[in-house]
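Going line by line, the protein sequences match chains D and X.
According to numbering that gives the first Met the number 0, the first sequence holds residues 0 to 100 in order.
According to numbering that gives the first Met the number 0, the second sequence holds residues 0 to 337 in order.
Among the hints, erroneous ones may be present.
In silico lysine to any residue, SDA-like type, Cα no more than 25 Å apart, as pairs [unchecked claim]:
| no. | chain 1 | residue 1 | chain 2 | residue 2 |
| --- | --- | --- | --- | --- |
| 1 | X | Lys169 | X | Pro315 |
| 2 | D | Lys40 | D | Ser29 |
| 3 | D | Lys40 | D | Arg64 |
| 4 | D | Lys40 | X | Pro315 |
| 5 | D | Lys40 | X | Glu257 |
| 6 | D | Lys40 | D | Ser24 |
No lab work stands behind these hints, which were simulated from the structure alone.
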Amino acid sequence: MSAAPNDLAGELLAQSLVAWRVAGSVERASDGALVIGGSRKDIRIDRAPPHDMFRWTVTVDGRTRGAISLLAVLRQVREALDPGYTANRVRIAVAPLVPSS
Amino acid sequence: MSAGVIPVSVLTGFLGSGKTTMLRHLLRQPEFSRTAVIINEFGAVGLDHELVAASEDSLIELQTGCLCCKIRNDLAQTLQDLLRRRDERRCAPFDRIVIETSGLADPAPILQTLMTDANIAGRLVLGGVVTTVDAVNGAGTLEHEEISQKQVAVADRIVLTKLDLAGAAKPALLNRLEELNVGAPVLIADHGRIDSPLVFNSDLYDPRTKSTDVNAWLAQATGHAHSRHDADVKAYAIVRREPIRAVALTLFLEALAEHCGTDILRLKGIVNILESPDRPAVIHGVQHVFHAPAWLDRWPSDDRSSRIVCITRRVPQRWVEVLLEAIGEEVADVPVGC
Chain D
0 MSAAPNDLAG ELLAQSLVAW RVAGSVERAS DGALVIGGSR KDIRIDRAPP
50 HDMFRWTVTV DGRTRGAISL LAVLRQVREA LDPGYTANRV RIAVAPLVPS
100 S
Chain X
0 MSAGVIPVSV LTGFLGSGKT TMLRHLLRQP EFSRTAVIIN EFGAVGLDHE
50 LVAASEDSLI ELQTGCLCCK IRNDLAQTLQ DLLRRRDERR CAPFDRIVIE
100 TSGLADPAPI LQTLMTDANI AGRLVLGGVV TTVDAVNGAG TLEHEEISQK
150 QVAVADRIVL TKLDLAGAAK PALLNRLEEL NVGAPVLIAD HGRIDSPLVF
200 NSDLYDPRTK STDVNAWLAQ ATGHAHSRHD ADVKAYAIVR REPIRAVALT
250 LFLEALAEHC GTDILRLKGI VNILESPDRP AVIHGVQHVF HAPAWLDRWP
300 SDDRSSRIVC ITRRVPQRWV EVLLEAIGEE VADVPVGC
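This is chain D alone, in the form it adopts within the complex (with noise of 0.2 Å):
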């Protein structure tokens, strides 16, 4: 898979607060980095270094954990920053992925 661009990350950070309506904003950090302030947390997010099995990096206060995808990532986020948060597990089937004929 490819990295979606920082910039998409970014803005996709961005709305999720909104739409999970957790307080805080997503800024740029000058290596790149995208840095979720004004929180109850501290959080960065890094692109992992080339060859690694993730894809990101999150960090929350100090403590670095791998992401796979960015939806890895939104579901690292969230569980730092909103308490109540419960990860739905149920995974819905969309099979077949394409029609049979």
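Since the structure of chain D is already known, use the hints to place chain X on it.
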């Protein structure tokens, strides 16, 4: 629709909005003669079933509570029992089921049951949601009763009742209905009488009708999609010109369900899947439950853009747009078919 698959229509609407009156009229029509009716009443003493003239052995009253919150399992069990009785010829033959909800019911769980219950899947298909709205009191009800907003938001057809008392539909009410659900045609019942083929002819999954229906709600929803900033419930359309990878659609729907499932009141869409350019997917979801896509045999018009109509409660349109865009970017170099 596959042979033997029975459409189940849901008739909902707030207390006193005229559901039973309309149903009573419909059941007198010849085309509704093979209809089984399930009535859910809220309260210790049910009356509605006394008012509906239907074959006794094809009318079932669910009286144990509100259909939406207490007896979803009862509904699934009731439907299974009804099918068994039909198979064993122990009831009048029917080829349609109508569920009349209580006026206080949230229709979403009912729709989810119809879409996902494994024991009835394959035999029954959601045939559309009809919501009655009282032309006299409807505006006030929509203002004060959140459940009535939801009943309107999930409708495939809205039926205005009691116009004889109101004189005419007030513009404020019509505007509010359009704000809540721009894609649903608004029909009028005269003392319960209504052109019956129009009411329950909204089967999104019926190959005989779905193209027409898809066209109808897409044209209206994408043509005038708008929102009211002071309203919690908003309808908008997400339009994408470029085909969408199948895996991107899957991830997109999962993300919607995971993060905003309870606030996705209804989502309907026609999607141009990269791997299936000639056969668009029709998607349909209620809150965190999404039906498996129905594949149209062909595009209903020359417009091959993906159009996803969302009726949500406080879910920003831009979040939905950028979520789909970002997921699409991430999966862009996944080989087709993965």
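Could you work out which of the previously given hints the structure breaks and list their numbers from low to high? Result: hint 1 breaks, nothing else.
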